[in-house]
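Letter by letter, the chains look like this.
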Amino acid sequence: DAGVTQSPTHLIKTRGQQVTLRCSPKSGHDTVSWYQQALGQGPQFIFQYYEEEERQRGNFPDRFSGHQFPNYSSELNVNALLLGDSALYLCASSRRGGGLYGYTFGSGTRLTVV
Amino acid sequence: AQSVTQPDIHITVSEGASLELRCNYSYGATPYLFWYVQSPGQGLQLLLKYFSGDTLVQGIKGFEAEFKRSQSSFNLRKPSVHWSDAAEYFCAITRGSQGNLIFGKGTKLSVKP
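Protein chains in written order, with my numbering: chain X, 1268 to 1381; chain R, 307 to 419.
Don't take every hint at face value.
What the hints assert, rightly or not - Just the calculated beta-carbon pair ranges, DEER-fashion:
1. 308/R <-> 1321/X: 36 to 46 Å
2. 1282/X <-> 390/R: 35 to 45 Å
3. 1287/X <-> 345/R: 22 to 32 Å
4. 389/R <-> 1329/X: 41 to 51 Å
5. 374/R <-> 1281/X: 47 to 57 Å
Source of the hints: derived by calculation from the structure; they are not laboratory data. Just so you know, even glycine gets a beta-carbon here, dropped at the ideal spot from N, CA and C.
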């Protein structure tokens, strides 16, 4: 049973560029959440998608946007990259009501902005 | 606002010794409580979770945690640490079943041989 798959695993971008990160949820899961983990910090919630709509959003600027596809996979887009966007981006999938059933995390995408 | 505090940034224990990692939360009611472990460069693996009922919960890899409402705490314990337990440990809460995870800053565990 495949878990959560994220791609790419690493990438380097230049300040001001745009980036797209991808996530395939665990089989049977319909909800995808994205988290940003800066070095030495705990993950911070970015947003959550369910039924192809953004359902919850954390304290992140509009430069961060997302999408969920009919097959439940998801993309995270970040525009106008800043040096401070360098972090590990984690995708977590769950069944609706993840707090009850639990979240499964992918291994993350390490983004470096130079 | 909801928050999670892990007072210990880094803990070192000897292999075979017992372990307790502290977690305190701030929330108006009883949240859903979680402990996750993260190995270097990896994602997060769920160790255990608490929603209600028995306040002592058992998890994977021999870990357990105790919920103490009066102290707003959810400390993680293991009676005998193995070298493979060296990792970073995160305590997290959600506001009910629909809420997003709110994490503490983590505790890094080192294990001495």
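Results of checking the hints against the structure:
1. 308/R <-> 1321/X: 36 to 46 Å: violated (20 Å)
2. 1282/X <-> 390/R: 35 to 45 Å: holds (39 Å)
3. 1287/X <-> 345/R: 22 to 32 Å: Given a distance of about 27 Å, which is inside 22 to 32 Å, the answer is holds.
4. 389/R <-> 1329/X: 41 to 51 Å: Check passed, 45 Å falls within 41 to 51 Å.
5. 374/R <-> 1281/X: 47 to 57 Å: holds (49 Å)
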